[in-house]
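Peer 1: Sequence:
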Amino acid sequence: MWVEVEVPDDAEDDIRQLGGFSVSVMHNIASYQRNDTSVRIVVAGDAHHFTDTQLLKGGNPFVDIANVSVNQLYQFSMVPPANVVLEITGWLQALALGVMASALLEFVKTFVPTSSGQPTVLRFVIEEDGRRTEAVLETNDLAVANNAIDALVRTGAALASGARQLDYSTTTERWLDRSGEQDH
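Under numbering that gives the first Met the number 0, the residue at position 94 of the sequence shown is numbered 93, and the numbers go up by one with no gaps.
Please keep in mind that the hints were generated in silico from the structure rather than gathered at the bench. All C-beta atoms, glycine included, are put in the ideal place defined by N, C-alpha and C. Check before you lean on any hint, since a few could be wrong.
To be verified - Label pairs and their calculated CB-CB ranges:
| no. | residue 1 | residue 2 | range |
| --- | --- | --- | --- |
| 1 | Pro80 | Asp51 | 18 to 24 Å |
| 2 | Asp35 | Asp12 | 48 to 54 Å |
| 3 | Asn145 | Arg33 | 41 to 47 Å |
| 4 | Arg122 | Ser101 | 19 to 25 Å |
| 5 | Pro80 | Arg33 | 16 to 22 Å |
| 6 | Phe75 | Glu172 | 30 to 36 Å |
Could you build all of it, start to finish, from the sequences and the hints given here?
Peer 2: Here is the structure:
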């Protein structure tokens with residue numbers, strides 16, 4: 000594979016310090032379309048760690064409430080991390096928080112813990128009205144994952160207020176904004 004990237008002259012030194020990048024691709028294994036909603040869910044799990052059956056089970060809690068795409072995630076690495084990506088578009092205005100919370104909790108049970116005992120890296124990408132929030136949780140503890148989901152749902156209104164990058168703190172049991180603005 001050959002990748003070519005154009006970089007502005009003033010950013011070249013910053014880019015060189017990165018030392019490289021990783022590539023991942025998705026392969027769709029199932030899609031479920033609904034005509035009565037604009038909510039879109041994309042589930043993608045690393046094909047090295049999760050079977051198609053697990054991926055389909057992970058997408059299942061959303062089938063009755065959203066348009067769903069379930070995908071195998073291929074990462075170019077010797078032993079890739081157990082990444083699971085959940086992209087959610089348009090749910091804050093279309094669905095009750097309790098409905099989404101229930102679906103998210105069922106989703107997490109599918110992937111945490113992994114059969115290998117390796118932590119799962121859950122990446123939540125939430126898009127609402129052109130704003131994008133990314134939240135990352137790395138854990139092999141279902142209780143921690145459940146607490147993180149509860150906290151994420153409670154921040155639903157805050158997510159609509161602007162783009163953020165969040166990491167879950169097991170110490171405070173809150174999502175911390177990487178920009179340092181505030182926690183949720």
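Peer 1: Against this structure, judge whether each hint is valid.
Peer 2: Hint by hint, here is what the structure shows:
1. Distance hint for Pro80 and Asp51: a CB-CB separation of about 19 Å, consistent with the stated range 18 to 24 Å.
2. The beta-carbon spacing between Asp35 and Asp12, approximately 51 Å, falls within the hinted interval of 48 to 54 Å.
3. Separation of Asn145 from Arg33 is about 27 Å and departs from the stated range, judged on CB atoms against 41 to 47 Å.
4. Range check, Arg122 to Ser101: Cβ separation about 21 Å, and the 19 to 25 Å hint holds.
5. The beta-carbon spacing between Pro80 and Arg33, approximately 32 Å, falls outside the hinted interval of 16 to 22 Å.
6. Take Phe75 and Glu172: their Cβ atoms lie about 34 Å apart, and the range 30 to 36 Å holds.
Violated hints, listed in ascending order, are 3, 5; each of the other numbered hints is respected by the structure.
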